[in-house]
Amino acid sequence: MLKTITIETPAGDALVDITAEAKALVAESGVETGICALIVPHTTAAITLNSGLDPATPADIIADIKRLVPTRVDFIHQYDTPADAAAHIKATLVGNSITLAIAEAKLLVGWSQSILFYEFDGPRRRTVQVKIIAG
Amino acid sequence: MLKTITIETPAGDALVDITAEAKALVAESGVETGICALIVPHTTAAITLNSGLDPATPADIIADIKRLVPTRVDFIHQYDTPADAAAHIKATLVGNSITLAIAEAKLLVGWSQSILFYEFDGPRRRTVQVKIIAG
Amino acid sequence: MLKTITIETPAGDALVDITAEAKALVAESGVETGICALIVPHTTAAITLNSGLDPATPADIIADIKRLVPTRVDFIHQYDTPADAAAHIKATLVGNSITLAIAEAKLLVGWSQSILFYEFDGPRRRTVQVKIIAG
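Residue numbers (the numbering used here), protein chains in the order written: chain A, 1 to 135; chain B, 1001 to 1135; chain C, 2001 to 2135.
Keep in mind that the hints are not guaranteed to be accurate.
To be verified - Cut-off 20 Å, straight-line C-alpha distance, at most; resulting in silico cross-link-like pairs (DMTMM-like, lysine to aspartate or glutamate):
#1 Lys23(A) with Glu104(A)
#2 Lys3(A) with Glu2104(C)
#3 Lys2003(C) with Glu1032(B)
#4 Lys2066(C) with Glu104(A)
#5 Lys66(A) with Asp1074(B)
#6 Lys1003(B) with Glu1021(B)
#7 Lys3(A) with Glu2032(C)
#8 Lys2003(C) with Glu2028(C)
#9 Lys1003(B) with Glu32(A)
#10 Lys1066(B) with Glu2104(C)
#11 Lys1003(B) with Glu104(A)
Hints were generated in silico from the structure; no laboratory data involved.
Let's have the full structure, built from the sequences with the hints guiding it.
Written out as structure tokens, the structure reads:
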């Protein structure tokens, strides 16, 4: 089964929790055991697993990754904004796909983990592909 | 097949080689060809493929990623320790899941690669999910 | 199906577009729906999804990741060159495997995404494993 989650992101860098949507799609698939791949088909966004409940952790992640790759004017890529050029680099550092297990018809995520869509150049309308395979 | 590898990590940041355990689980599964996903269900740990035999490479990786994301007191997240706050950021940079191929009933890993569990806030008792699917 | 893409990389750090080769292997497999895992079995190389058409973006990614992990002489790992030691760290930051979906017998990649093999210590002869599974 292949489904899509649509996300409206706020301005700038943001982590958007899509755990509930991903779990609902796995439940809907009827797959008892298998693999669920979550894939971001955009070049200035990424996906990660981290703490989503306490907003302090996403805020630290966003601030520190902005510190590591500051938005600035000395990028070669000048077609869009400096924020867009920085976003491409951050996307490659964080990564665009994660793979999770399905057991007992449920998507397995650690008790303190959330599935976080990571936008680096919002606001944008974004999608995440959710590919579910039995096995 | 879904199995779990349990790891006791030392203090601080550490790379723990779990290649032998992962290979043994693939052998045990009886799967001839397929995919093996290795998933970390924790928010201050990650998983990576890198050189495990020579301890100098893991030492360089740990030192340089600590240099990039120093443990310090200016994080917003103050519930746990500064090491814990830094650990969340490092987990998102390194990533929580990898996918490998199975061929001829063996887990394929490059000749100089080890599967390394990456703890950022030890000591802890940790787990890695090993999901094996035929195909 | 398990196939291999072979790549001859230029000197130093380079992003090599392998999208066409990966898409051709998926077409050749005859798989209508499924998962395609792309895996790098080397310790000084990685794989990422990003903009490949405009050379400015790969150039920015390479320059900024070199800025984050400079090639220098203070690494513990001294067996090979300082570029090799830095390469190991960059490989762990960027990551060695990505998972994509297959639908309607096609490999799904975002319209502005390319599949980029990321060499950190060229020139080298490299391989990427392409594992295709139906489901």
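Hint-by-hint comparison with the structure:
no.: 1; hint: Lys23(A) with Glu104(A); result: holds, 12 Å
no.: 2; hint: Lys3(A) with Glu2104(C); result: holds, 14 Å
no.: 3; hint: Lys2003(C) with Glu1032(B); result: holds, 16 Å
no.: 4; hint: Lys2066(C) with Glu104(A); result: violated, 44 Å
no.: 5; hint: Lys66(A) with Asp1074(B); result: holds, 15 Å
no.: 6; hint: Lys1003(B) with Glu1021(B); result: holds, 10 Å
no.: 7; hint: Lys3(A) with Glu2032(C); result: holds, 16 Å
no.: 8; hint: Lys2003(C) with Glu2028(C); result: holds, 10 Å
no.: 9; hint: Lys1003(B) with Glu32(A); result: holds, 16 Å
no.: 10; hint: Lys1066(B) with Glu2104(C); result: violated, 44 Å
no.: 11; hint: Lys1003(B) with Glu104(A); result: holds, 14 Å
Of the numbered hints stated above, those contradicted by the structure are hints 4, 10, listed in ascending order.
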